[in-house]
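Q: So the sequence lines, in the order shown, correspond to chains A and B. According to my numbering, the stretch in the first sequence is residues 300 to 574, in order. According to my numbering, the stretch in the second sequence is residues 979 to 1292, in order.
It should be emphasised that the hints constitute simulated quantities derived from the structure, not laboratory data. Just so you know, these numbers come straight off a predicted model, no measurement behind them. Backbone N, C-alpha and C define an ideal beta-carbon position, used for all residues, glycine too.
In silico lysine to aspartate or glutamate, DMTMM-like type, Cα no more than 25 Å apart, as pairs: (1) A:K360 <-> A:E471; (2) A:K538 <-> A:E307; (3) A:K497 <-> B:E1079; (4) B:K1097 <-> A:D467; (5) A:K302 <-> A:D512; (6) B:K1059 <-> B:D1166; (7) B:K1021 <-> A:D467; (8) B:K1033 <-> B:D1166; (9) B:K1042 <-> B:D1210; (10) B:K1021 <-> A:E308; (11) B:K1097 <-> A:E485; (12) A:K489 <-> B:E1070; (13) A:K474 <-> B:D1217; (14) B:K1238 <-> B:D1223; (15) A:K360 <-> B:E1019; (16) B:K1078 <-> A:E471; (17) A:K489 <-> B:E1079; (18) A:K302 <-> B:E1019; (19) B:K1097 <-> A:D512; (20) B:K985 <-> B:E1207; (21) A:K474 <-> A:D515; (22) B:K1059 <-> A:E485; (23) A:K474 <-> B:E1082; (24) B:K1097 <-> A:E471; (25) B:K1185 <-> B:E1207; (26) A:K474 <-> B:E1161; (27) B:K1059 <-> A:E307.
Here are some chain A residues the structure puts well away from chain B; computed CB gaps all over 10 Å: (28) Y336; (29) I374; (30) N376; (31) Y405; (32) A461; (33) G549.
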Amino acid sequence: MSKILSYEEKDTWIHQLSGVTKLIFFLLWCVVSMMTYDTRILILMVVFSLFVFKISKTQWKQVGSVFKVVMVFLIFNVVAIFFFSPDQGSHIYGTRTVLFHIAGRYDMTLEQLFYELNVVIKYFTIIPTVFMFLVTTNPSEFAASMNKVGISYNVGYAISIALRYIPDVQGEFTKIKHAQEARGIEMSGKASFLNRIKSTASIIFPLIFSSMDRIDTVSNAMELRGFGKHKKRTWYMAKKLKRNDYLTIGFTVIFAIVALVFTFADGSRFYNPFV
Amino acid sequence: MKLNNYKAPLREWFNQADRKKEKDESVSALKVEDLYFSYVEGKPILQHIHFDIKKGEMVSIVGKNGAGKSTLSNLICGFYKPVKGRILLNGEDVAPLSIKERGEKIGLVMQSPNQMISKPMIYEEVALGLAVRGVPEKEMKERVYETLKICGLYPFRNWPVSALSFGQKKRVSIASILVMNPEVLILDEPTAGQDYRHYTEIMEFLKDINENFGITIIMITHDMHLMLEYTDRAIVIADGHLIADDTPARILTNEQIADKAYLKKTSLYDLAVNCQIDNPSEFVERFIAYERQQRKLRIEKVKENPAHVKDIIL
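Next comes chain A alone, as it looks inside the complex (with noise of 0.2 Å):
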């Protein structure tokens, strides 16, 4: 059985660079996309995340029911963002390409459609390095090599648990579950949609409160073994950069700083085909 987003070990080289590294890819490739609307280069980083995640051979069961929630979470977006402003690409891109009108002031234009789409893309360009991260990073060995590169020993050891503990919650829920099952409350397909999210939100919440009333119970027996007693410690899983790291930290610092410049070259963070 697969757990969902949670670290499995593989025989990549992305499984073999360290926590560091691809925490640095991470963030640095979430400014890029945040900042930058243009559609080329978003382009150019939905293939390159799409082979990274391929090549980290990341399976679909790992990532599949996450990935479909975010995509309700991206249409819901969409259809907002239409709706609050609908002329929010005419207004950026300063042309009004009416392709039909709906109703009130709500008209579909052409400039709505692209920016729509950039907003689409982002998505898409951040989804599968979040996931490859999650599933090739050792929350243990993340921890070290925070600490290695200078953050203190207790935000690494924070993030490692908060990573190390998605399938334990996970196990939990299914546990739950079955148990709630047994008793009589169908959540399997033989159940209506409507009534599997109904109980699930029902397992949900007190799922919840119960996890963080372990947060006050493992921080109390972290305490009792002495954890943060002292400035420094000692790591198991610690791994040096080697090659591979520096190679791929150095290619996406120029990725980042050449997809900055070529973006805001023209003085506008956003690619313009209208004029």
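Given chain A's structure and the hints, the job is docking chain B onto it.
A: Same frame as chain A, but now just chain B:
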């Protein structure tokens, strides 16, 4: 230990003591045929599991930590799908049934009560199963109160679950399953976290519903005493294989099996061997039966007059 003076009387007692009553079981309640399961391909957790539990039996499944006992219960309830093999409930293959449909016949009390409890109040928690089955309010209340009394939780019926200890929560989870009157009851470590008094109460109650209502009970346990005292039959699982299916006394007196499954051989066996009793496992069985009977008498005495409570706590 010097036993010379006691050998003869002990042998005499053995010959007089009642045998355990043999039950006449013929109808299969839960049958497992050549079950095979693995999480990762090539690393089987369970293989060639084969047993047939008859209606009205009380069986224990024992084995060391990680032997696959809980996985087996999860397979029976449909939480996981077996890679190979069949599970038959009352002679019918359960493969097409969903967890909920299996749950109407099989009640599972999981190891950790925290995974089973989802309502804030004890009453609501125990009533949940009945509420989703649409049992009328009045009947529901009666059944819940009755079960709470049996499980020693009646005084807490209006308490929030969060105020209970682990052992009490475990009893809440047992109550919430019992209240639904399952045909087959599976308990994963039923006595973990219980003190001796509640242990005895719960076990006597289970024995009672087993004998009087014919509910088939399967207990997953580490507790050798529980297995000896309360179950007629034990299934031993070690490293994913079923290595024995026999009476508890015979299993605990079989050195090979006991070693393989990390079970502790009972000292009663050594006693019987030392006293040259021909059939040591039979001796163990009769001794346990005798002890149980004695305690039952003591409990009845307490029920008549609660001042004798110190007698059962010993």
